[in-house]
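With the sequences and hints as input, model every part of the structure.
Line by line, the protein sequences give chains A and B. Everything in the first sequence is counted per the UniProt record's numbering, starting at 1 for the first residue and increasing by one. Everything in the second sequence is counted per the UniProt record's numbering, starting at 1 for the first residue and increasing by one.
Hints in this document: simulated from the structure, not taken from any laboratory. Fair warning: there could be bad hints in the mix.
Said to hold, decoys possible - With a straight-line cut-off of 16 Å between C-alpha atoms, the simulated EDC-like cross-links for lysine to aspartate or glutamate are:
1) 54/B - 389/A
2) 284/A - 303/A
3) 86/A - 384/A
4) 11/B - 198/A
5) 65/A - 46/A
6) 73/A - 38/A
7) 98/B - 138/B
8) 9/B - 198/A
9) 102/A - 398/A
10) 26/A - 52/A
11) 11/B - 240/A
12) 316/A - 375/A
13) 54/B - 388/A
14) 11/B - 83/B
15) 54/B - 41/B
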Amino acid sequence: MKLKRFLLRYYPPGIILEYEQGGLLKTKAIDLLDLRPETDIDDVVDEITRKEPLITPSKVEQVRKLVSRLQEKLSQTDDHHFYLFKVLRAHILPLTNVAFNKSGSSFITGSYDRTCKVWDTSSGEEMHTLEGHRNVVYAIAFNNPYGDKIATGSFDKTCKLWSAETGKCYHTFRGHAAEIVCLAFNPQSTMIATGSMDTSAKLWDIQTGMEVCSLNGHSAEIISLAFNTTGDKLITGSFDHTVSVWHVNSGQRLHTLIGHKAEISSAQFNWDCSLIATGSMDKKCKIWDAHTGQCVGTLSGHDDEVLDVTFDFTGKYLLTASADSTARVYNVTTHQLISKLEGHEGEISKITFNPQGTRVLTASSDKTARVWDHETGECKQVLEGHTDEIFSCAFNYEGTTMITGSKDNTCRIWR
Amino acid sequence: MGLLALLRKLKSSPDRELRILLLGLDNAGKTTLLKQMASEDISHITPTQGFNIKSVQSSGFKLNVWDIGGQRKIRPYWRNYFENTDVLIYVIDSADRKRFEETGIELGDLLDEEKLMGVPVLVYANKQDLFNAAPASEIAEGLNLHGIRGRQWQIQACSAASGEGVKDGMEWVVKNIPKGKK
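The structure is reproduced here in structure tokens:
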């Protein structure tokens with residue numbers, strides 16, 4: 001094994017090692033999820049050197065520099081004030097979902113008008129219209145971190161794979177018997193997983209365009225799915241009140257997470273793949289041990305359905321958004337409530353952290369999106385202008401640009 | 001009504017829950033009708049750029065009514081909403097005689113749609129409060145509603161603005177729920 005070079009990863013903090021083994025170039029990540037600006041750098045470097053055989057004494061100084069750069073990045077105070085940069089009259093009919101590529105240089109919007117559009121973030125110009133679906137384009141994704149491909153899932157029961165650069169359609173994946181409402185690329189970008197109202201999820205091979213396997217077992221619609229960071233496990237959340245954990249290579253179901261008393265709305269892994277968070281119409285959020293499938297905590301408190309849940313990048317915090325028009329920030333380890341985000345005048349359907357984990361963005365049916373301080377729960381900004389409900393919102397990787405997609409057929413860029 | 005709520009309304013509805021599609025040309029009064037059904041304020045209604053959905057209770061049934069914009073450029077997308085429709089409601093501006101032909105063609109196309117086969121259709125002859133409104137019987141004849149085969153149909157004179165006739169139409173809808181839903 002020979003170390004070729006280091007790559008720095010800001011969010012979540014980590015150092016990627018590129019090394020050669022048996023003539024092949026490989027990478028591995030050293031996660032530094034607990035790194036703080038005040039952490040003693042010698043301790044961190046010592047621990048890395050002790051645990052990681054690739055870090056030989058001659059490389060220690062370089063590692064120290066990288067850790068110190070990560071600390072600098074972490075200590076940058078973040079008081080970015082967002083302004084409306086552009087209103088994009090994006091579609092003829094309401095938007096569904098929005099997503100950035102990793103760098104944030106472009107983003108995509110799905111719509112009831114059966115198209116997905118690719119936009120240039122800095123100019124607000126439309127780069128491509130991905131046409132071909134025969135019904136609503138509901139679920140969309142970039143194959144981040146690469147960002148050269150786009151997947152679209154439609155109510156026409158098919159999923160399509162596109163080139164992000166040319167807008168050309170590579171494959172149409174056929175096999176679902178009902179609407180496709182969620183999808184994801186695996187982190188290696190070799191497969192796409194799709195979840196459908198037909199109660200199944202399917203894995204598709206990006207190269208061949210063939211179905212790899214069908215994940216059957218849910219008794220109602222699948223409306224949420226996610227890969228873990230390593231890509232060996234997939235979770236599916238269903239209207240049958242359960243979440244299933246699947247082994248990707250074998251297609252076997254490893255666990256069924258049973259405990260919610262109503263439909264699941266969202267299911268997510270944390271970064272280190274140890275925990276799963278689930279939100280449900282039963283007004284609760286649950287935290288599960290991803291290895292054993294046991295429920296390790298139930299977060300009650302919302303007065304109405306929990307519509308979205310998400311971890312921050314490092315997995316320290318958990319966000320819940322509810323139809324009761326509030327959102328909450330929890331400590332993942334202690335399950336303690338850190339803050340309540342109160343102020344919206346309608347249900348909150350989407351919630352997300354900025355990559356730094358310092359700001360929270362919420363999208364609501366009250367036609368506003370809001371930016372919050374996660375520690376104090378203080379509302380930092382109300383983003384007004386949309387004339388109908390906001391369905392979706394997203395941060396770019398730097399945390400400096402946000403997009404919101406609305407039922408008013410427009411998309412707005414804030415920066 | 002976020003995206004998740006849309007998915008829940010999209011799925012095959014349980015007993016005593018109906019999916020109703022509200023269509024018609026632009027300015028026919030679909031959104032006003034929808035708001036009247038839901039007993040909401042109708043004073044500020046603008047052209048529908050997408051769709052509205054409301055759940056209305058009637059005779060023990062929950063009616064999920066989908067109101068889709070009627071502008072010409074939106075009409076090709078009506079088919080996005082056909083699946084699992086239990087009852088079609090078609091709204092006509094009875095005072096806009098110039099557009100009777102256009103509305104007749106659109107309705108004819110809808111009735112030919114495979115996904116709407118056998119689906120009962122209620123035609124609201126709306127805007128009866130206007131002095132130049134054509135009576136329901138004249139519209140039924142002009143649109144050759146009597147020639148409809150293979151489905152239940154009804155024409156109901158109404159005024160979405162005053163609410164007159166709206167309830168009668170909804171009662172017909174509940175009475176003509178397709179078999180298997182009752």
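Now for the hints, and whether the structure bears them out:
{"no.": "1", "hint": "54/B - 389/A", "in the structure": "14 Å, holds"}
{"no.": "2", "hint": "284/A - 303/A", "in the structure": "9 Å, holds"}
{"no.": "3", "hint": "86/A - 384/A", "in the structure": "13 Å, holds"}
{"no.": "4", "hint": "11/B - 198/A", "in the structure": "10 Å, holds"}
{"no.": "5", "hint": "65/A - 46/A", "in the structure": "13 Å, holds"}
{"no.": "6", "hint": "73/A - 38/A", "in the structure": "12 Å, holds"}
{"no.": "7", "hint": "98/B - 138/B", "in the structure": "14 Å, holds"}
{"no.": "8", "hint": "9/B - 198/A", "in the structure": "15 Å, holds"}
{"no.": "9", "hint": "102/A - 398/A", "in the structure": "9 Å, holds"}
{"no.": "10", "hint": "26/A - 52/A", "in the structure": "15 Å, holds"}
{"no.": "11", "hint": "11/B - 240/A", "in the structure": "13 Å, holds"}
{"no.": "12", "hint": "316/A - 375/A", "in the structure": "12 Å, holds"}
{"no.": "13", "hint": "54/B - 388/A", "in the structure": "15 Å, holds"}
{"no.": "14", "hint": "11/B - 83/B", "in the structure": "10 Å, holds"}
{"no.": "15", "hint": "54/B - 41/B", "in the structure": "14 Å, holds"}
Figure legend: structure checked against the earlier numbered hints; every hint is met.
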